Amino acid sequence: MSAVLSAYDDVITRYAPVIGLETHVELGTVSKMFCGCSTSFGGEPNTQVCPVCLGLPGALPVANAGAIEATIRIGLALNCSIASWCRFARKNYFYPDMPKNFQISQYDEPLCTDGWVDVRLAGVVHRIEIERVHLEEDTGKSLHVGGATGRIHGATHSLVDFNRAGIPLVEIVTKPVAGTGAQAPEVARAYVTELRDILRTLGVSDVRMEQGSLRCDVNTSLSTVDSEVWGTRTETKNVNSLRSVERAVRSEMIRQAAVLDAGERVIQETRHFHENSGESTAGRSKEEATDYRYFPEPDLVPLAPAAEWIEQLRGTLPELPSTRRQRLQASWNLSDPEMDALANAGALDLIEATVAAGAPAEDARKWWLGDLSRRANEAGLELGELPVTPAQVAQLAGLVTAGRVNDKLARQALSGVLAGEGSPEEVVAARGLEVVSDTGALGTAVDEAIAAAPDIAAKVRGGKTAAAGALVGAVMTATRGQADARVVRELILARLTQN
Amino acid sequence: MTELTTMDAAALAVEIAAGRVSAVEVALAHLDRIAAVDDKVHAFLHIDHDGALAAARAVDERRATGEELGPLAGVPLAMKDVVVTRGLPSTSGSQILRGWIPPYDATVTRRVLDAGIVMLGKTNMDEFAMGSSTENSAYGPSHNPWDLDRIPGGSSGGSSAAVSAYEAPLGIGTDTGGSIRQPAAVTGLVGHKPTYGGVSRYGLIAFSSSLDQAGPLSRTVLDAALLHEVIGGHDPADSTSIDAPVPAVVAAARDGARADLSGLRIGVVQELSGDGYESGVLDRFSDAVRLLTELGATITEVSCPHFGYALPAYYLIAPSECSSNLARFDAVRYGLRVGDDGVRGLEEVMSLTREAGFGAEVKRRIILGTYALSSGYYDAYYGQAQKVRTLISRDFAAGFKTCDVLVSPTTPTVAFPLGARVDDPMAMYAADLCTLPASLAGTPAISVPCGLSEGLPVGLQVMAPALADDRCYRVAAAVEAAVAGRDGQPILAAAPSL
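Chains A and B are the protein sequences, given in the same order.
Letter 252 of the first sequence, counting from 1, is numbered 252 in our numbering, and no numbers are missing.
Letter 268 of the second sequence, counting from 1, is numbered 268 in our numbering, and no numbers are missing.
Everything labelled a hint here was simulated from the structure, so no lab data went into it.
None of the values given here were measured: they were computed from a predicted structure.
Among the clues, some could well be false.
Partial list, derived from the structure: chain B residues whose beta carbon lies under 10 Å from chain A [stated by the list, open to error]:
1. S92
2. P102
3. S320
4. D330
5. G376
6. Y378
7. A380
For every residue, glycine included, the Cβ atom is placed at its ideal position computed from N, Cα and C.
For reference, chain A alone in the conformation it holds in the complex:
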């Protein structure tokens, strides 16, 4: 392609993006969608299989009631209508990791429809409309052997693991999201983040993108800013982290802009995102739509969740992340931008737990968004992955409040905690970091400092108390920073001005 890539800022002056997200969530049910096999991750290949999930001749599916309940709860949390009657459908296509060569899914009768979720970005609320939430079964997993890339191209043969086949999968599809302009990539990320938090709060999935229990396909199209017609969309698959959601939208916007700038047309296709390069490559063209020959699954009876049951599920939903954020924001007395910063940093749970462990909210916020965020960044970790617990952070804050360490010592203590030396208390004790405020112990150091600098001492005696600062510094140096500077200053002034 001869097109020249434009810079993102240039792109958004001329083009308006429309995005859409399809998210697949593996439910955390104990057993699979249509049989009793275990859903646990990481088992030896083909050890969690039976005639049903292997699609053996004669085997029949039976729907997992727990998965249906989880899907309804997701629908309710996303403000959807729940169908009073709906059916599973067969999606027919041949693929070797799909045991029956059809997937049991839902087509024109999804379990949940027409919902919404609000995401906040820099104080602005974006309402993302949900088109549908439906339930289906996962496929097996192909392992392509013999090639350099692990992809099918160049492989000599393929192995299939059916442990994943039949794991319940919920697909959540947004309506097209227009009007977000330059913020489209961040809105996409914020939406998936919010969705992940909701799913985690519901306890329906472990939502681990790196293990594939939360998978995202990102649809992107561009049209010129003055156009009323949306452009041709592409679908980017293999987007396996929150960061990549944002990167995938951004890079696809830049790519499509370059195509359009070159006077070419965007091809409707599936693209594969590459985590390392941040770029995508073309996959299957969707210009000729695959005919999946959907029809109602005759092996399963229709789903008809009773209205009372749905209301009972609605009544027992946990506090959802948005409600919780409002509650915490009020209780911590934070401004909208402060709260957004905190939520976007993924620090909400950590701060709440730190406060619960006894720290004032302001201290907890300061530690997590300040020093700990910096260290997480340096280490390339998420905040929650740092080897320090909220209880330890609360203990550290408590040590500062009690005057037992100053800020500098507290940071040293934190380094010790992160290095695995124990709790803040233990590190302070082991490293001898505690502030020395015992006047007896400090007296000698003060006397030595005065004796060592008779000219400064004379100035102080002469009434220039500001000069005492140099003596305080000398004492702090001598005590390796462990002295309480306020106490040192009082001792010096007492010795030099009271005779």
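Given the structure of chain A, go ahead and fit chain B onto it with the hints provided.
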């Protein structure tokens, strides 16, 4: 042929339970009979000599310890090859499953074995149950014991041939559009298609999921009822299985045998007669209706205006579902694999395998169904056929407002000669004209022999509302008794010996 092979299942079970004959002797007698006649009949695809004797021995041992045996313990049975049997070949009459040994039992298999019934082997059938003559079997046709040059019906023709040739007193068939009733009719047997959901489909190699039902084939109505009660009832492994008690079909069969149908209202379906029906069949049907009147029933004519659309609707719905159900036969995990030379790609191996592994009729239906389900045609074909299905159900509902059961001939003709219709699919499909409506409506229907035309058996079909299978058995048993009284012997006694 020993006396043991001519006894019906109920009588054999009594003899075994009383210790007057051992289950092993009974099994051996039937295995001997198979050895003697199956070269001519070709009812079986696989004979499980050792398994049958082991099962028979187990029954004898249980009896020896004083254990109470079930009502069919020790009785031999011929199992249709579409029913999955652990450790035994289950090909569904297809090349594509040659050599596949299932690692699990169908629910029907499990229930048969748990009842102490002795499974002799697996019987021939039209490939994937698609056909009315067994001529679509990849392993060659079965032959009708009444005339070895004629078809034994299909698709359960192996089971009907086995039971009518006295190779087994009981057979399991499956019925999607008539595949139990039509073979029963043309071989002089009793065959019942239960209410859809009455017998578990778990482990039946699926042809058309919304239509398939397993059911009994036997030489007497009571035997069919006894087997029905063994295999029927709710199964949590089949979500379309009905969670309700099995209708009391054995009691109904015994009640019907008293040959008194006083007060019963019977409707004769006008649309299931006329053009395309052999006069001999219609004559025997008229005789049967007269017989029913003599038994005390009141007869009325009933119109089911949409039954005429059953055949086109069926040939959209069944192929559509089969095009999806048969997609799994792709050479990846089991069965035939053709062309895997390390060079050819997956798609080519899949294509070559399906090309070589499926017969012409199966391919025809896969193509039909694939077309009917494709986008842009779905509403006109599959969608429309489902509407017809609803209309047929309404015809039944209207009929059952004024009648307890509806009756018709089971088939338009007697057994036709082998080869007569193989090149004419529409003529072959017409064999199921009378049986299709009950399949589409999911209602129960039985075929019971009611006479002979040109020396070949004719079946009477009795159709009842869903879950009223007992009515089918009651009427069939009454007809069976009355016919035997009229003719001085059961229909099957007229069959020539092999």
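Cross-check of the supplied hints:
1. At a threshold of 10 Å, the smallest CB-CB gap from B/S92 to chain A is about 7 Å, leaving the interface hint in force.
2. Checking B/P102 against chain A by beta carbon gives a least distance of about 7 Å; that is within 10 Å, so the hint holds.
3. Against a cut-off of 10 Å between C-beta atoms, the interface hint on B/S320 holds, since the closest Cβ of chain A lies about 6 Å away.
4. For B/D330, the interface hint holds, since its Cβ comes within 10 Å of a Cβ in chain A; the closest pair sits about 6 Å apart.
5. A hinted interface residue such as B/G376 counts as satisfied when its beta carbon comes closer than 10 Å to some beta carbon of chain A; here the least separation is about 9 Å, so the hint holds.
6. Interface hint at B/Y378: satisfied, since its Cβ lies 7 Å from the closest Cβ of chain A, which is below the 10 Å cut-off.
7. Because the closest C-beta pair between B/A380 and chain A is about 14 Å apart, greater than 10 Å, the hint is violated.
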